[in-house]
Structure formats: C-alpha cells, structure tokens
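In the order they appear, the protein sequences are chains A and B.
Going by numbering that gives the first Met the number 0, the first sequence opens with residue 0, and the numbers climb by one from there.
Going by numbering that gives the first Met the number 0, the second sequence opens with residue 0, and the numbers climb by one from there.
A portion of the hints provided could be inaccurate.
Below 30 Å or equal to it, Euclidean Cα-Cα: the simulated BS3-like pairs (lysine-lysine) are [said to hold, decoys possible]: (1) B/K186 x B/K330; (2) B/K162 x B/K565; (3) A/K279 x A/K187; (4) B/K565 x A/K5; (5) B/K162 x A/K5; (6) A/K279 x A/K26; (7) B/K330 x A/K344; (8) A/K26 x A/K187; (9) A/K344 x A/K114.
Estimated spans, in silico, between C-beta atoms of each pair [said to hold, decoys possible]: (10) A/Y350 x B/R124: 38 to 46 Å; (11) B/K519 x A/A170: 23 to 31 Å; (12) A/A202 x B/D86: 45 to 53 Å; (13) B/E562 x A/D220: 53 to 61 Å; (14) B/S1 x A/D220: 27 to 35 Å; (15) A/G165 x B/I98: 52 to 60 Å; (16) B/G326 x A/G165: 36 to 44 Å; (17) A/A406 x B/A412: 27 to 35 Å; (18) B/P29 x A/E174: 15 to 23 Å; (19) A/E174 x B/E72: 45 to 53 Å; (20) A/R81 x B/E72: 37 to 45 Å.
Covered stretches of chain B (chain A as the covering partner; in silico rule of three or more C-beta atoms under 8 Å from a C-beta of chain A) [to be verified]: (21) 305-315; (22) 555-561.
Calculated directly from the structure, the hints in this document are not laboratory data.
The beta-carbon is built from N, C-alpha and C at its ideal position, and this holds for glycine as well.
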Amino acid sequence: MIDIDKTNAEAVERMMEARPVLVGMGKARDVIPGMRDNLLLHAGPPITWERASGPLRGAIIGALLFEGLASTEEEAVALMERGEIDLEPCHHHNAVGPMAGVTSPSMTVYIVENKTHGNRAYSNMNEGYGKVLRYGAYSEDVLARLRWMEEVMAPMVSAAIERSGGIDIKAMIAEALHMGDEGHNRNKAGSILFLKALAPHLAAVASDSDQLTEVLQFIGDNALSVLNPVMAACKAMADAAHGVEGSTLVTVMARNGTDFGIRVSGLGDRWFTAPAEIPKGLYFPGFTAEDANPDIGDSTITETAGIGGYAMAAAPAIVTFVSGTPQDALNATLEMYEITVAEHKYFTIPYLDFRGTPTGTDIRKVVETGITPRVNTGIAHKEAGVGQIGAGLVRPPMAIFEAALVAFAETYGF
Amino acid sequence: MSHVQTDIRQGAYYDSVVLMQLQRALLDEPGVLDAGVVMGTDANKDILAQNGLLTDEARAANPEDLVIAIRAETEAAAHAALARVDDLLQRRQAQTHAIYRPRSLEGALRQRPDAEWVLISVPGRYAASVAREALRLDRHVFLYSDNVPLEEEIALKRDAAAKGLLVMGPDCGTAIVNGVGLGFANKVRRGPIGMVAVSGTGLQEVSTRIHHLGSGITHAFGTGSRDLRADVGALTTVQALDILARDPATRVIVLVSKPPDPAIVDEVLQAARATNKPTVVNFIGYEPPREQDGTLFFARTLAETAERAVRLVESTPAVAEPPDTSGFATKQRFLRGLYSGGTLAYEALLLLRDYLPAVYSNAPLDPAYALDDPTTTRDHTVLDLGADEFTVGRLHPMIDNDLRLRFLAREAADPTVAVILLDVVLGYGAHPNPAADLAPAIEQARATAAAEGRRLEIGVVVVGTEDDPQNSAEQMAQFEQAGARLFPTNADAVRWAGALVQRLALHHTIRPVDVARLEKPFAAINVGIETFYQSMEAQGVPVVWVDWRPPAGGNERLMSILERMKRKA
C-alpha cells in the first residue's frame, strides 16, 4: 500500500525546490504548447460558451475582436455559437491567466522556466485596473490598450527580459512577502521590485524616450504588474509537484466564473468541479454582492503554491477587505497550516518568526478538518463588459475535495 | 430629491482598502444614499460619474487627491456624513484577543509541541479515531468519552502498549498525572503514593483521604471501567503498575477497582507483586484469601485503603527501582547463575521464587526443575558448579577457574541470555587471583554480545575481605573495570537479577512508558468539553483547546476512507 505521507512529502519538496525564472516573452501561438489559431484559452476548468459566465463571455468577445476574428460583438457571439472557436483551459497548456484568463494566439505571454526541473509555464500581460479584458470588458478603450501593450510594451519588455538574463521570480516573491505582499491580491511591493528589475534594461533597449516613459509609467502605476509572472511562476512550481504517484496534494485550483475546479497530483489530468461561490468582500462605489459574478480566475494558483490567502499573515492590510483585524490575518495563515503538508522553505512570514508559509494542500486534511482553502480574489461584475467591482475572500466548495478523495480511494484501492 | 456633496483632500494618500471601508461606513450614516471614496484618477472619476457622484469639484481633482462624494436625502445629512470622515478614518478595530483555535490535533500540537497528553471527551462514536490520531502522534491519552465500542478499546490499548503510551479510558473520569488533575479530580498534595484505579470515585476518595492523612500522590492513573474485563486483559492496569514500579518517587502503590474478572485476578495480582513495592489492593467486594500476601496488602474499605497506604509509607524504607530494561534484544530474557558456592546457589534459588515461576538447576528446590543433563542450561538456570558431578577429576571452581570460564563463554554467547550471576569466593586456599582469569573473560563476553547488538549484564558478588590474600577491594576493582556489576551481598545480586528478568519479560510484551516523560511539566491538548479546558487553565497548565468537529462533517463514507488511508501497510 502507498505511503501517502511519503508521496506528499516528495511532491511538496518538488514544489518548493522548483526555481521559476522569467526567461522571456513570445506570442502565444509561437510559444504555448498546443496553441492554434482557432483556440482561446480561459481560466479554470473546461467550460462551454453556453455555460460561460458574463465576464468570461465578455473576455472571449474582446479577444475575438482583438484577434480580428470578429468585427462586432454580434459576430463574435455568432462565431462562438456556431462552435468555430475552441475553448480550452489555460491549465491544459501549462498556462494561467487571472480572472477570465482569456489568452488568444496573438497575445504576448511571459515565459517562466523552472530551472530545477526544466518545465515551463506561461501567462499573459496584466492590463491594470478598471475596465479590462480579464474582467470581461471589451470596449474600444480596452482593445486599444491591448493593442498598445502588444505593439509598444511587449517588444520592449521582452527585450529587457532578454537583456537581464532572466528574472528570478521565486526570489522576488520571497522578498515581497517581507514587504507586505501576499502575492495574490496584494502585489504592490512585488510590482515595484519587478519594475526595479526591468527598469535599467528597459532604458537600455528603448529607442524612443516617450515610449519608454509610457511603459515605465504603465508598469509602475499598476500594482498588479507582477501578478501574471508570479502566477506563471506558481504554475511552474505546482506543475513540478503534479503527477507524483499516490500523492493527495492539490496541484491546481482554478475557477472559470461558473465552476471551481481542482486537480490532484496523483490523479492525473482529472478535474473535480462544483459551482463556484460568490466572494465576500468590499465593493467599489455603486456595486453590491448582487452584482458580483461567481469566483473566477486561475490566480488561485498562488494559494496552490503556498502564497496568496495562505500567506495572509504576511499582508495584514488585505484582511480589511472583510473587515478583519491583523489577528484574523494571522489566524487565516494558521488555519491553512492545518490542511497543508509543509511549511515553505523559501517563502517565510516575518510576523510568524519567519515560519514558512503553509504549502501543499492535502485533500485528506481538507475533508477531515472541514477547512477549505482561503483564497484572496478580485470580484468581477456578472455582466460582460463592466469589469472589476470589488475584492475579497472566497473558499472553494468542499464537494470537489470530497469527490477527489473518493476518486483517490478508488484509484489506489483504499 | 437628493443632494451630492464632495470633500476633496489634497495629497492625502490612503490604501484603497481603507477607502473602501470608509465608503462602506459612510453608507451606514443617517440619510446617506450612496457614497464614493476614491483617489482622483480618471478611471475613478468615471466610476463616480456612472453613479451620479461626480461634482465639478471632483472633476477638478488630481490623482493625488482624495475624493469623498456623498449623495444624501438632504444637504444637512450629506454634510453631517462628511463631518464624520475623520472619526471613521481613525476608528480602529478593537484589538481582538481571539486566539486561533486549531481544528485538528496535529494543528494543536504545532502550537504546543510539548503537550504530552491529549484529553478526549468527544462523543463516543468519534472518540476512538481521535485517540488513534493521538497515539499516531505519539501522545498519551486521557479518554473521558464513553460508548466507545469494546473492540475499539482493545485495539487502542494494544496499540498504546506497543508504543509505550497510555490510554486511560475509555470512560475514565479522573486521574492525577504529575500533580495535575484530569477530568474530575481533586487538588491532592504530591507525595510518595502511586495509584491505579479502575473506579473514578474510588480514586477520588482514596486520594483525598491520603491527602487528609498528611501524605500525597505521585501519579494516580485511571484505567477506564472495562480494563479488568478478561477480554481487555488489564492492559492499562499492568502498564500503570509498571510505571509506578519504575517511578523512583513512588514508594507505596494503591490499586483500587471493582472485582476483576476471575480469569485475570491472578494476572493482576502478579503484576502488582512484580512492582516489588508494598501495594494496597482494594478490589471492592472481593474476598482475599488472606490479609497480606508478600508485598500485597488487602483492604476492604476506601478509607482503610488510604490509611494502610500511608502507614506503609512510614514503615517502608526506600525501595530500589527495578533495573532499566533498555538495550536488550527481543530474544534476551533469561538469567543464568554460575555459582561456585553451593549455599549461595541455594539462596539464589530461594530468592528467585519471588520473581520467576521456574528456575532450573542441577540442585533444584523443586525436582520438576532438575536439569536432565547438569552440564546444559535452559530458560532460567542456576548452576552449582561446586557440586559433585562437576568436581570429579577436577579441582573445585574456587581454586580452578577453567570450568567457569568455559560456562561463562557458552552462556554469554546464548542470544536468549540477558543476565549472568557469578560468585567469587576469596580467602586462604582459594585461587590467588580469580579476577585475573574471570575479569578479562567478562569483558570479552560483554564486548562480543555488544557487537551482536545485545546488552549483556554480569552481576558479581565477591565474598571476602580486604585483608584476604587476594584483597577483595582490588578484586572488585578489576571486575568493575571489566564492566561487571558488583553487589555487596548475594541477596542483593539475586534480587537485582530477578527483578531485571522479570521486568524484561513484561517489557517484551509491552513497551515501557518513559517515566521521565511523565515527569516533564504537564501540558495538554483538550479535544471536547470546555470544562476540561477550563480545569487545565485553572491549574495553570498550558493547554490548547481544539475546535473539534466530526471529521469529514460526520460523513461515514469519507471518514472510513480517511481511516483506511491512515492505516499504513
């Protein structure tokens, strides 16, 4: 019989020893395995156009407009309804995307390589706050920004990364955790560190100082700039832990706005899904929980890798999203220790005397204790085109962990 | 009709979360219909505009400016709300003292890794799995819960005994460990009396009576109401008696219970006798064959039990603790006496009756234990090598060491042997320097055994004076240096060896509980009722109270899967 504690120790060791480095950028169609011209990647477990929520539909429409595959919203909807465009999860292609996570063939993506185990992961560029594609907005200003990012920003950042020789995202996460970030909802420090790492190289590769100013401004103004490389780094770490025979470790947590899905290291490519819940949180002026879409995005890859909601004690400011106190932030992390198998060797929390973050969610522990993972997240409007309306906390449904446990028991004969 | 009022604060930076909180707080102010609290960026102005909150003032704000816009039923209400902004911004959450309560035993032990005890009082159907988890995590268990299935109880106790852990219970109401009362326990002075009690209130009455009589308690172990059933087999009672036997602070033992199952009375009494400490037995309602049986004293009432124990403390000198049994291999369990003196061998046989059921010999007390061939040994054996059958055509072993050296080498090589006893008789006419032959052989024998992973004890009694030609002090020094254990009298050596092999037999069936671990400052994890948590706090004991819920939400199927996963192959 399999010694699950041992297999989990092996899986989490791989997760912690992975060393993700941002090595470059490229067009999705050129670099993401299996990418093709009629394919759109999306966040979360597999979903059809029919079941897609408002923000995911909005992002799909926006991506089709951006690609020039449709010239109007109606055309885009018709394309989808006729089934001419395939939808597949980012996670089926070693990729992750925040919120709707829609990634189309012409979009430039970050390439993160795990230098320890050699696997790669990908994520698109972050558009900033407000009306953005990832929240399902697809108005002309959204598309214009995407085009600017492709035409001006991507080539410059790509050249800067190349010139830098690679940016160690793992070290950057570790540092940001000591600066008040938890790596999911709060990436203020990490984004500044990212800008600091890029800036001299951007200056060196830029040929036009106005464009340089725009790019520096854009990255600097966006406290989420580093989120996407961080997510790709977390994906590279989580993938390193996937596929360990007999391991009950969660290696994917992701939502598509309709369902929340997980994958388990020892259960191959199976998804376990259930309806996603509405986050609890604070809303922008004029919005309430009534307007909120169910939980969406691949950004739960951060919690999967031991940061985000799991590292809440490192970022007490985040807890105020649900009217919490610093003690609640501490308790959030303490609670996650109960469902994880390790304390991270490299990601540590000063306030907990530099104890490692809770890392490696064990489905057995989740089911046994009744504690589900804590996720920090943005909140999207349920209608396509509106965008972000708040931020808060959410947990995945217990049913997916129970289903995974039953499947594990069947697979391994327990 | 509503009124919009705006307050612009230049150069005031606040974290967006603080702003969102302020906005929500403003919505709770009287008469406020909507509020927007944002930094004056273009994107934020768009949001204000969408909600009809963008006044001309707000439109003119810079990105570094804080914009507070309020739509209220009346202008006065809007102003009143704006006047509250500073208070609201400065309002701090009251410092909560809500300390994290872990949900699992494992989480609790992360908070208090020094907690050696887990107190369990959850409903019976869940109690066994919590206790199993505690044992898995190498912790002793106080199991208050009742309605634990009998087969679970037996499995738990066997598991605990194999791991050197105690499971007091199920249905254990009270105990005192290291001065700390568990469950329903009284504040009883510490002292030289150790208790084992199947009966909870019996334990309480006897321990408080001992306190009133001016004495006190080392530990008082509860065993749970079913421990003395034949199918449970007194496992916890035997473990507890073993602890008290080895506990240096315990001089007198008290055993209180309803009458044991007749099938195991003898076994329980034998375990009590094996402590070699005066033991007051009160099997409530049991008719003892006599009032005293060796070190066992039978009492009829709880009061008499306490009084007897206290009197025994006064009349009992300090008792030597049984020898430590660590380091012996599992096959090692026998004693071999290789005597040169016939009377010493005879005394050994007599004394060993208190410890061992059967000792073979070439000159046995009971003919049933006569060796067929006196040159062989089996099980526990004491040989008189000075007997006629060994001295035919050969010098007496007091003069010639040759025979003993050969026997010593043979017995030492036997993997079932744990201890060898030797007498060395000095004086005129005896060998001029027996240690010169025997000590190197002892050293060699012990080294060979150690190389094979065995601990071999060799007990030596030297009969002689320092004025003897061989000088007893010099002889003893040589033996000591060779690693032998020296005793002033034959009786001391025999009692030590007897107690050692007796305890070894027990420790081959149950792993001994580490007595030193019980002496560590008490800390506990409480899983279950609040009273026990409060009782720990009241006694100043560090305790973590698990926020326990039925595992897997009480889902039987998932619980059984989790249980199976925990059972490793």
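Hints, verified against the model:
Pair hint B/K186 plus B/K330 does not hold up; C-alpha atoms about 44 Å apart against a cutoff of 30 Å. Restraint check: the Cα-Cα separation between B/K162 and B/K565 comes to about 17 Å, which is no more than 30 Å; the hinted pair holds. Only pairs whose Cα atoms come within 30 Å are accepted, and A/K279 paired with A/K187 is accepted, the gap being roughly 22 Å. The straight-line distance between the Cα atoms of B/K565 and A/K5 is roughly 12 Å, inside the 30 Å bound, and the hint therefore holds.
For the hint pairing B/K162 with A/K5, the CA-to-CA distance comes to about 21 Å; that is within 30 Å, so the pair holds. Restraint check for A/K279 and A/K26: the C-alpha separation of about 36 Å exceeds 30 Å, so the hint is violated. Between B/K330 and A/K344, the direct Cα distance comes to roughly 44 Å. Violation of the 30 Å bound is thereby established for this hinted pair. Between A/K26 and A/K187, the direct Cα distance comes to roughly 27 Å. Compliance with the 30 Å bound is thereby established for this hinted pair.
At most 30 Å may separate the alpha-carbon atoms for a hinted pair to count; A/K344 and A/K114 meet this at roughly 17 Å. Separated by about 40 Å at the C-beta atoms, A/Y350 and B/R124 satisfy the suggested range of 38 to 46 Å. For B/K519 and A/A170, the hinted distance range of 23 to 31 Å is not satisfied, since their beta carbons lie about 41 Å from each other. Between A/A202 and B/D86, the C-beta spacing of about 46 Å keeps the proposed range 45 to 53 Å intact.
The hinted range of 53 to 61 Å is satisfied by B/E562 and A/D220, whose Cβ atoms lie roughly 54 Å apart. B/S1 and A/D220 have their C-beta atoms about 34 Å apart, which keeps the hinted 27 to 35 Å range intact. Look at A/G165 against B/I98: about 44 Å separates their beta carbons, and that is not inside 52 to 60 Å. Look at B/G326 against A/G165: about 56 Å separates their beta carbons, and that is not inside 36 to 44 Å.
For the pair A/A406 and B/A412, the beta carbons lie near 57 Å from each other, so the given range of 27 to 35 Å is not met. In this structure the hint that B/P29 and A/E174 lie 15 to 23 Å apart at CB is violated, the actual value being about 47 Å. For A/E174 and B/E72, the Cβ-Cβ distance of about 50 Å falls inside the hinted range of 45 to 53 Å, so the restraint holds. Evaluation of the 37 to 45 Å hint for A/R81 and B/E72 yields a failure: the beta carbon distance comes to about 52 Å.
Closer than 8 Å: that is the beta-carbon criterion, and the stretch 305-315 of chain B has 0 residues meeting it against chain A, so the requirement of 3 is violated. Coverage of a stretch by a chain is defined here by at least three residues with a beta carbon nearer than 8 Å to that chain's beta carbons; for the stretch 555-561 of chain B and chain A the count is 4, and the condition holds.
Hints 1, 6, 7, 11, 15, 16, 17, 18, 20 and 21 from the list above are not met by this structure, while the remaining hints are.
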